[in-house]
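Peer 1: Dock the two chains into a complex; use the hints.
For the protein sequence lines, the chains are A and B, in the order given.
FYI, in this note's numbering the residues of the first sequence are 1 to 142.
FYI, in this note's numbering the residues of the second sequence are 1 to 496.
Hints should not be assumed to be uniformly reliable.
[Stated by the list, open to error] For lysine-lysine, the following BS3-like pairs were computed, each having C-alpha atoms within a straight-line distance of at most 25 Å:
(1) B:Lys201 <-> A:Lys59
(2) B:Lys451 <-> A:Lys43
(3) A:Lys129 <-> A:Lys22
(4) B:Lys35 <-> B:Lys73
(5) B:Lys35 <-> B:Lys22
(6) B:Lys149 <-> A:Lys46
(7) A:Lys86 <-> A:Lys129
(8) B:Lys451 <-> B:Lys132
(9) B:Lys451 <-> B:Lys432
(10) B:Lys451 <-> B:Lys149
(11) A:Lys22 <-> A:Lys126
(12) B:Lys432 <-> A:Lys43
(13) A:Lys43 <-> B:Lys149
(14) B:Lys407 <-> B:Lys235
(15) A:Lys59 <-> B:Lys274
In case anyone wonders, no lab produced these hints; they're calculated from the structure.
Each chain, letter by letter, is given below.
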Amino acid sequence: MPRYRILDDVAIADICFIAEGKDLNELFAHAAFAVEDIMMDTKTVKPRVERTIRLEQDKEEDLLYDFLSELVFIKDTDGLVFSDIKVTIQKGKTCSLTAVLRGETLDPNRQTLRADVKAITLHMFKIEKTKTGWLCQVVVDI
Amino acid sequence: MDIDEHENPRANTSQALSAVTKSSPVTWDIPTSYKKGMLVPARIFATQKLLQEMDAGVFEQVTNVACLPGIQKHAYCMPDGHWGYGFPIGGVAAMDVDEGVISPGGIGFDINCGMRLVTTNLLYKDVEPKLKQLVETLFRHVPSGVGAKGFVKLTQSEFSDVVTTGPKWCIDHDLGWDEDLERTEESGCITNANPEKISDKAVARGINQLGTLGSGNHYLEVQIAGNIFDEKVAKKFGIIDQNQVVVMLHCGSRGFGHQVATDYLLRFNAAMQKYGITVNDRELACAPFQSDEGQDYYQAMAGAANMAFANRQVIVHRIRECFSSVFGKSAEDLAMHQVYDVAHNIAKVENHKVDGKMRKLVVHRKGATRCFGPGEPEVPSCYENIGQPVIIGGSMETGSYLLVGMKGARDQTFGSTAHGSGRTMSRAAAKKQVRGEALQQEMAKRGIFVKSASMPGLAEEAGFAYKDISAVVDTMEQAGVSKKVVALRPIGNVKG
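For reference, chain B alone in the conformation it holds in the complex (with noise of 0.2 Å):
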């Protein structure tokens, strides 16, 4: 091999293809023969179309999940699937807590990367006049970009309280309102979540993070209210009109999450030797959920995500200063109320059915939602009768969706469902396709105005590079997963 040679993992897509059978006409699964040492079936949520789109890495990345200890059911990838570390993006696995293992690469480097919803009384006719305005002053006072510092400086001790108590701390200290915490995931606290088990390394980088937006695909996008297609959902959620203002922001836990991740994955892949383990790929190194080793990550793991849903609340209470400043009213008067924050990062105990008893498993989503349906426990009590609403960010082109968890999710995909669009194309060859300029003066043509920390950066997140989001959305309905409430279009965005 030399540096013009390489090989392409995402080819060869047709052996993959040839094993697949389809099981109903959004899921396609692969037996247990596909691959030596599979315990379960591998199964891929999709239409014949996005199937046919995925690429090989997939294929191989689902079917070695398929490998992992304990795994029960199927090992799933969602609609808007493509290739990860270890596991695919949209990959989804339980694991038996006491005969299975939990690996970081099912849960990704951005421990908690997530999605939260922020609504507004604004209509588009009020926000158009002033978009320039709103954008600019949300670029200037929601750090972004390589290295951005944030703007709530935190002692040690605090990190920790952070770490530990997540949006809580943020709550106590004035940076978002109490009923911020009850729509957020787990009311934004895993309990687990232990300060001793990061290293000073995640800790040292992470200081200084609280309250920026990172680069990449993570923004904060000014939207409107398109298509409502459930009102009596959508109302709950306190969306009301076509071209209703809504601001939704994706990030997550920064240098933070990722230290402690590599932390842990190196310590995995030293520890598996001991445990017995081989897995087809270093980045699923795993160990036993009840070892020491494990248990300590899924600690170190929740105050990772901790981390990640204070930061989005301290960017969220950014966003409402902005708007409160550049509409004269306060946030209160905008009614900016948090339709719910999400996470798409994370693995969490849960309990569902398998085999017609609840057992309790250690749920990863990577690249996926939770999307628990009406009466659930875990649900808020305000959404209690209609489930959990679940946030699908799009590309920065061509929209996102609000959704709601039906009552179908728990018994087919442990309660989850798509993250995203999902790529489609590379960011080095969507850079050669388009400049971040000529993107930023063409979606201005189209009404959206953007303000990017780095023009290549832009060029990447183009329309294109991305899924049909509505064909990814649509799927998951068909599969009786989660729902369509609302699609969303975007007017504004900030972007790392």
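Okay, chain A solo, but in the shape it has when bound (with noise of 0.2 Å):
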């Protein structure tokens, strides 16, 4: 799942990514893969178990803070990681999300580990709509 690239001069203790999508939908599942793609290889994540994931919030920019924030919590508490996302947001007075993922459980033997993302920043944390869909910079802590 592409479309997210890592800024190699930002965060210099911890990692920023910015991320792409033609739409919300897409905008989402791309920071949901980057995150999970910090954490570890996402080509040694197999799809063997699935959660769905549902959210709201009054602003895109919040919801998406929250939606990333749930993958660390799931990963700390349940233990799960994912590498197949997708993402179906609804605007109506509010925006919410319905997020179906696929992943397994960690395993270091099975998976490549790369950095534990601990915490998802609100540091030049930004959302936005670019000429050819929406763009999103996320800072998390590692």
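Peer 2: Shown next, in the form of structure tokens:
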């Protein structure tokens, strides 16, 4: 699942990434994939279990923050990481999210571990509409 | 902006440097005229070279901190300072408890990330033949890396006790020695801790993490004493020989502390309007210390700090067991005494002199270590005449230092010094310069055996990604804040 890029020169002790998508659904999925891919090589994560996340917030920005934070929470509590992520955002008076994620239980013998993401920060956190779709910038605490 | 463009907050140091004036050979001041809203000047401790190497984020962030309500004297940045969230890493700020604020950004996400140092009576020649076995044993028995679960299984009520009492709980459950408590900052227990101020989410993240190292820059390291700068003080700290083997531990409150910080960052951001506070960065969200939000956070943070002290306690227990099994002697016979455990991401209420009067202040130290000198009441009785030990963790390649607090520390920095060598290169950039496997082999040739849960993670921690640690500790000695006691050289490292 593309499309994110790590920025070399921004978060010196941590990791900053930019993700984009043609719409909000894709943006959220790509940003979530980036968080998982920072934690481990997602190519080594098999889609053995499925988990659905439902969230609601007033603004897209807050919804993205909550969604990415939920992935960190699930990693720490249920020990699950994901490599296949589909997101549907519905905008009305509020923004609601349904995400279907497929992955497996953390196991260093099966997966290639990278860095433990411990928090999604608000530092330089942004989400914006571009000419071609949507883009977000996120700094994760390592 | 698109995916191939971005702003670099670390650029444009020259503008900030032009506003800096030298106030001593190792202190650099930025006046309140630098930025609208600064209540006090900012002061950076550094040699000229370290100052010039600092990223622009440091100047921006330390002057943002200088705008926070109730700040006293200066907003400080230590010589290992670099860009952080809200506060720079290496930031120290003291706020009046009645008129000032508390800010999670001044403490960091990893509440009570800190260092612990344990001695042995072994010399390098005793350990060298078994080094690989020792490091592999430590790697197997101290859980590390993404999502690792701890070896101490706790009920909700037991976890609550850990949060309230810290390592005392561990010692009561045979996971440490009585003497460890006195040799821990605050005796390992910040008394205001209140589990009721901590979310269920934080508890869910933390309950399985007691006794885990984590990842990133967290490690446990087998080291040998190198240069001994002050034999008398080194002896008091239990280090009598060059080549004596010691063990250093660097970790914090794991996902638990991060969740506490995240919960309150969001709550503070929502509450600031109520108190008429505006800040230059959302990561500087704060609340008056005496407000409900401020007090709730302080009590929750204290709980996370106690969990971190307990985490290091439990890991040290495991380290003692590993040494005992590898060397066939009890930890007592190996003289595995704790030198000290010190926090470097914390806020504490302390009494300090401001304008000649004693004031009660909430001292934020983020990537900065308390370093009280001899005679201070907070220094444990076993060290009362020499000062508090300070453990400065360097990169896994270049070594670390054991320092002692100096008499002048309180006046200069509210009794605070550096915490490490400080990064100078981002993780992403370091990984592009070296592969973990190559680094591991190259270090082995130099006599440093490393085991890591993550090879990319290992590459991110390469020595070249860090500042010159000797320049950092020399700066603080020259400033009269903390003094070198022993240089420590790595021989074995377990990384998360």
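Peer 1: Tell me if the straight-line CA distance from lysine 22 (chain A) to lysine 126 (chain A) falls inside 25 Å.
Peer 2: Satisfied, since the Cα-Cα distance of roughly 16 Å is no more than 25 Å.
Peer 1: Is the Cα-Cα distance between lysine 451 (chain B) and lysine 132 (chain B) 25 Å or less?
Peer 2: Holds - the C-alpha atoms of lysine 132 (chain B) and lysine 451 (chain B) are around 9 Å apart, at most 25 Å.
Peer 1: For a C-alpha distance cap of 25 Å, please report whether lysine 407 (chain B) and lysine 235 (chain B) respect it.
Peer 2: 20 Å, holds
Peer 1: Are the Cα atoms of lysine 35 (chain B) and lysine 73 (chain B) separated by 25 Å or less?
Peer 2: Given pair lysine 35 (chain B), lysine 73 (chain B) holds - Cα atoms ~16 Å apart, limit 25 Å.
Peer 1: Holds or violated: lysine 451 (chain B) and lysine 432 (chain B), Cα atoms, limit 25 Å.
Peer 2: Answer holds: lysine 451 (chain B) to lysine 432 (chain B) is near 20 Å, not above 25 Å.
Peer 1: Is lysine 59 (chain A) close enough to lysine 274 (chain B), meaning Cα to Cα at most 25 Å?
Peer 2: 21 Å, holds
Peer 1: Could you grab the alpha-carbon distance between lysine 451 (chain B) and lysine 43 (chain A) and see if it respects the 25 Å cut-off?
Peer 2: Status holds; Cα separation ~23 Å.
Peer 1: Below or equal to 25 Å on CA atoms is what counts here, so check lysine 35 (chain B) against lysine 22 (chain B).
Peer 2: Judged against 25 Å, a Cα distance of about 18 Å means the pair holds.
Peer 1: Sort out whether lysine 149 (chain B) lies within 25 Å of lysine 451 (chain B), counting only the CA atoms.
Peer 2: Distance of about 18 Å is within 25 Å: holds.
Peer 1: Are the Cα atoms of lysine 129 (chain A) and lysine 22 (chain A) separated by 25 Å or less?
Peer 2: 10 Å, holds
Peer 1: Between lysine 43 (chain A) and lysine 149 (chain B), does the CA-CA distance stay at or below 25 Å?
Peer 2: This hinted pair holds, its Cα atoms lying about 23 Å apart.
Peer 1: For the pair we were handed, lysine 201 (chain B) and lysine 59 (chain A), check the Cα-Cα distance against 25 Å.
Peer 2: The given pair, whose Cα atoms are some 22 Å apart, holds under the 25 Å limit.
Figure legend: structure checked against the earlier numbered hints; every hint is met.
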